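Participant: Here is how the chains run, residue by residue.
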Amino acid sequence: MEDVKPTKVIDARGSYCPGPLMELIKAYKQGKVGDVISVYSSDEGTRKDAPAWIQKSGNELVGVYTRDGYYEIVMKKVK
Amino acid sequence: MSPSAKKVLILGDGAAGTMMGNKLRFHSDPSDIQITVLGNSEKHYFKPDGVSIPFGFKDYRNSVKPTRSLFNFGVNYVRETVASIDVKNSTVIASSGKSYFYDYLIIATGDRFAYEDLPGYEKAASHFYSLEASLALREKLNHFNGGKIVIGQASIPIQCPPAPYEFTFQLEQYLNLRGIRKQTELHYIYPLNRVFTIPNVAPFVEKLMDDKGIIIHKMFNVDSVEPEIRRLNSIEGETLDYDLLVLVPPHRGQKVITESGLADESGYIDVDRNRLNYADYDNVFVIGDATNLPISKAGATAHFETEYLANRLANEVNGNAFFESYGGEVACTTITSGSRAITLFFSYNKPPRVNYESKSDYFLKWTSSDTYFTGMIRGIM
Ligand SMILES: Cc1cc2nc3c(=O)[nH]c(=O)nc-3n(C[C@H](O)[C@H](O)[C@H](O)COP(=O)(O)OP(=O)(O)OC[C@H]3O[C@@H](n4cnc5c(N)ncnc54)[C@H](O)[C@@H]3O)c2cc1C
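Protein sequences, first through last, are from chains B and Y.
Going left to right, the first sequence walks through residues 1 to 79 as the numbering used here numbers them.
Going left to right, the second sequence walks through residues 1 to 381 as the numbering used here numbers them.
Simulated from the structure, these hints should not be mistaken for lab results.
Computed from a predicted model, the values in this text were never measured in an experiment.
Mixed in with the good hints, there may be bad ones.
[Unchecked claim] Covered stretches of chain Y (chain B as the covering partner; in silico rule of three or more C-beta atoms under 8 angstroms from a C-beta of chain B):
{"no.": "1", "stretch": "27 to 39"}
{"no.": "2", "stretch": "302 to 312"}
[What the hints assert, rightly or not] Straight-line C-alpha distance at most 27 angstroms; calculated DSSO-like pairs for lysine-lysine:
{"no.": "3", "chain 1": "B", "residue 1": "26", "chain 2": "Y", "residue 2": "140"}
{"no.": "4", "chain 1": "B", "residue 1": "5", "chain 2": "B", "residue 2": "77"}
{"no.": "5", "chain 1": "B", "residue 1": "77", "chain 2": "Y", "residue 2": "7"}
{"no.": "6", "chain 1": "Y", "residue 1": "123", "chain 2": "B", "residue 2": "26"}
{"no.": "7", "chain 1": "Y", "residue 1": "148", "chain 2": "B", "residue 2": "56"}
{"no.": "8", "chain 1": "B", "residue 1": "32", "chain 2": "Y", "residue 2": "207"}
{"no.": "9", "chain 1": "Y", "residue 1": "123", "chain 2": "B", "residue 2": "48"}
{"no.": "10", "chain 1": "B", "residue 1": "48", "chain 2": "Y", "residue 2": "148"}
{"no.": "11", "chain 1": "Y", "residue 1": "7", "chain 2": "Y", "residue 2": "255"}
{"no.": "12", "chain 1": "Y", "residue 1": "255", "chain 2": "B", "residue 2": "29"}
{"no.": "13", "chain 1": "Y", "residue 1": "350", "chain 2": "B", "residue 2": "76"}
{"no.": "14", "chain 1": "B", "residue 1": "56", "chain 2": "Y", "residue 2": "207"}
{"no.": "15", "chain 1": "B", "residue 1": "56", "chain 2": "Y", "residue 2": "7"}
{"no.": "16", "chain 1": "B", "residue 1": "48", "chain 2": "Y", "residue 2": "255"}
{"no.": "17", "chain 1": "B", "residue 1": "79", "chain 2": "Y", "residue 2": "218"}
{"no.": "18", "chain 1": "Y", "residue 1": "7", "chain 2": "B", "residue 2": "29"}
{"no.": "19", "chain 1": "B", "residue 1": "29", "chain 2": "Y", "residue 2": "123"}
{"no.": "20", "chain 1": "B", "residue 1": "26", "chain 2": "Y", "residue 2": "255"}
[Said to hold, decoys possible] Only part of the chain Y face toward chain B is listed, based on derived beta-carbon distances under 10 angstroms:
{"no.": "21", "residue": "156"}
{"no.": "22", "residue": "178"}
{"no.": "23", "residue": "221"}
{"no.": "24", "residue": "292"}
{"no.": "25", "residue": "295"}
Using N, Cα and C, we set each Cβ at its ideal position, and we do this for glycine too.
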């Protein structure tokens with residue numbers, strides 16, 4: 001993870017499901033192929049929903065990380 | 001009017017603004033609080049009936065009242081369009097050019113349909129989120145004799161998150177009554193990995209859909225529509241062809257909110273979730289669909305918010321102690337078939353539970369426009 005630097009970070013801490021996932025989808029739509037998008041979320045539901053969406057949409061799940069009081073989900077836009 | 005009376009200015013004459021003005025009037029004396037509501041709608045439409053009107057199940061004329069007739073005595077209603085809001089100088093300017101000064105401001109301007117967010121939407125889709133759209137859809141359904149119907153929402157958030165499934169269940173009933181259910185495929189699309197936002201209600205709704213033979217497409221986030229070939233494309237790379245597309249349009253907050261610097265491009269205002277204050281302003285509040293709160297955009301939400309805020313303002317102005325806070329309460333009843341409905345109660349800390357459909361809940365929902373116009377909107381309940 002440390003060598004994959006996000007091109008965009010979305011801080012959705014404090015926002016509840018489905019807010020963080022919708023923010024991620026918005027950033028995905030606005031971004032370009034190759035972008036690495038990271039979303040911070042304190043919402044438990046997003047930890048499962050966001051990776052499921054990343055996989056379904058055919059993008060690359062870089063990782064799901066437990067940080068201090070929140071989760072970081074990182075994806076790479078491949079299409 | 002007493003010169004020392006505090007001026008409360010409410011922006012918006014829909015569910016939240018009207019309830020707020022009427023409720024505050026009940027809680028306070030005109031010599032202490034002067035209430036003005038600015039709004040630009042001639043008619044007040046009870047939107048929950050939109051899930052029944054397209055099928056002719058309800059007479060739409062009972063769902064509409066002249067806006068002006070809904071304000072209680074002592075509430076000053078002015079037909080104005082708000083052009084800008086200047087919270088630093090406690091001033092609101094209307095498009096007539098008139099300025100309104102306030103001691104307390106309550107923003108209740110709701111949200112709007114952002115058709116521009118999905119090019120081709122208006123050519124491709126029908127919906128049931130306004131009276132005009134519901135009546136146009138009724139006309140389309142009258143001429144529908146079978147085929148493939150795709151139902152869903154263009155994005156999140158929308159008003160009343162359960163309305164799309166509520167509409168779908170009534171559509172299913174309508175097709176059965178007309179004897180064309182067998183000739184019709186019903187497809188339900190949803191942006192998430194389930195069929196409803198709230199995780200512990202979704203399986204219940206999904207089971208009802210399965211029982212009724214409704215085909216579900218989860219994680220279908222609408223990317224584009226192609227009206228010429230009647231095709232819907234998802235961000236996830238799927239396509240769905242349709243004969244009739246019923247799609248709740250994209251929503252955003254009002255332009256005046258963004259233009260006044262109160263919110264980003266989404267138009268929804270960040271507020272204190274327990275006090276409903278805007279930013280650091282002790283005298284500016286936001287209620288109803290205009291907020292960015294992580295709860296349903298519903299008339300029932302507005303009802304609980306106004307209950308809290310009217311009490312709080314009345315006590316604050318009169319110098320009384322007030323220790324309550326708003327807990328994110330919502331209650332909503334949604335129709336699931338021709339004779340049954342479910343009711344969801346929840347708050348910030350308590351997710352809703354749903355176990356069974358009931359006939360009494362159906363009755364509650366069926367008569368809700370009467371309850372709304374005679375009690376709720378008047379601030380009585
Ligand atoms: C199909 C459907 C079904 C629904 N079902 C339910 C249900 O079962 N239960 C439930 O609780 N809720 C339901 N809702 C949601 C409910 O109707 C809304 O949440 C509610 O109307 C929100 O109230 P509001 O006052 O915030 O916004 P609105 O009612 O939209 O009112 C906003 C008002 O502000 C005015 N306004 C906007 N901009 C300006 C301006 N610049 N100047 C002056 N005036 C302005 C508008 O004219 C409008 O009158 C449903 C909604 C739909 C569409």
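Participant: Hint by hint, say whether it matches the structure.
Facilitator: Results for each hint:
1. 27 to 39: The restraint on the stretch 27 to 39 of chain Y is violated, since only 0 of its residues have a Cβ under 8 angstroms from chain B and three are required.
2. 302 to 312: Violated, because only 0 residues of the stretch 302 to 312 of chain Y bring their Cβ atoms closer than 8 angstroms to Cβ atoms of chain B.
3. B:26 <-> Y:140: Violated. Residue 26 of chain B to residue 140 of chain Y sits at ~33 angstroms, over the 27 angstroms cutoff.
4. B:5 <-> B:77: This hinted pair holds, its Cα atoms lying about 13 angstroms apart.
5. B:77 <-> Y:7: violated, 52 angstroms
6. Y:123 <-> B:26: Status holds; Cα separation ~24 angstroms.
7. Y:148 <-> B:56: holds, 24 angstroms
8. B:32 <-> Y:207: This hinted pair is violated, its Cα atoms lying about 38 angstroms apart.
9. Y:123 <-> B:48: Violated, at roughly 36 angstroms.
10. B:48 <-> Y:148: violated, 32 angstroms
11. Y:7 <-> Y:255: Holds, at roughly 25 angstroms.
12. Y:255 <-> B:29: Holds, because 22 angstroms separates the two Cα atoms, which is no more than 27 angstroms.
13. Y:350 <-> B:76: violated, 35 angstroms
14. B:56 <-> Y:207: Holds: residue 56 of chain B and residue 207 of chain Y sit about 22 angstroms apart, inside 27 angstroms.
15. B:56 <-> Y:7: Distance ~53 angstroms between residue 56 of chain B and residue 7 of chain Y Cα, so the pair is violated.
16. B:48 <-> Y:255: Since the Cα atoms of residue 48 of chain B and residue 255 of chain Y sit roughly 34 angstroms apart, the hinted pair is violated (cutoff 27 angstroms).
17. B:79 <-> Y:218: The given pair, whose Cα atoms are some 20 angstroms apart, holds under the 27 angstroms limit.
18. Y:7 <-> B:29: violated, 45 angstroms
19. B:29 <-> Y:123: At roughly 23 angstroms apart (the allowed maximum being 27 angstroms), residue 123 of chain Y and residue 29 of chain B satisfy the hint.
20. B:26 <-> Y:255: holds, 20 angstroms
21. 156: Check passed: Cβ of residue 156 of chain Y comes within 5 angstroms of chain B, closer than 10 angstroms.
22. 178: violated, 35 angstroms
23. 221: Hint holds; residue 221 of chain Y Cβ to chain B Cβ min 6 angstroms, cut 10 angstroms.
24. 292: holds, 9 angstroms
25. 295: holds, 9 angstroms
Violation of the numbered hints given earlier is confined to hints 1, 2, 3, 5, 8, 9, 10, 13, 15, 16, 18 and 22; the remaining hints are satisfied by the structure.
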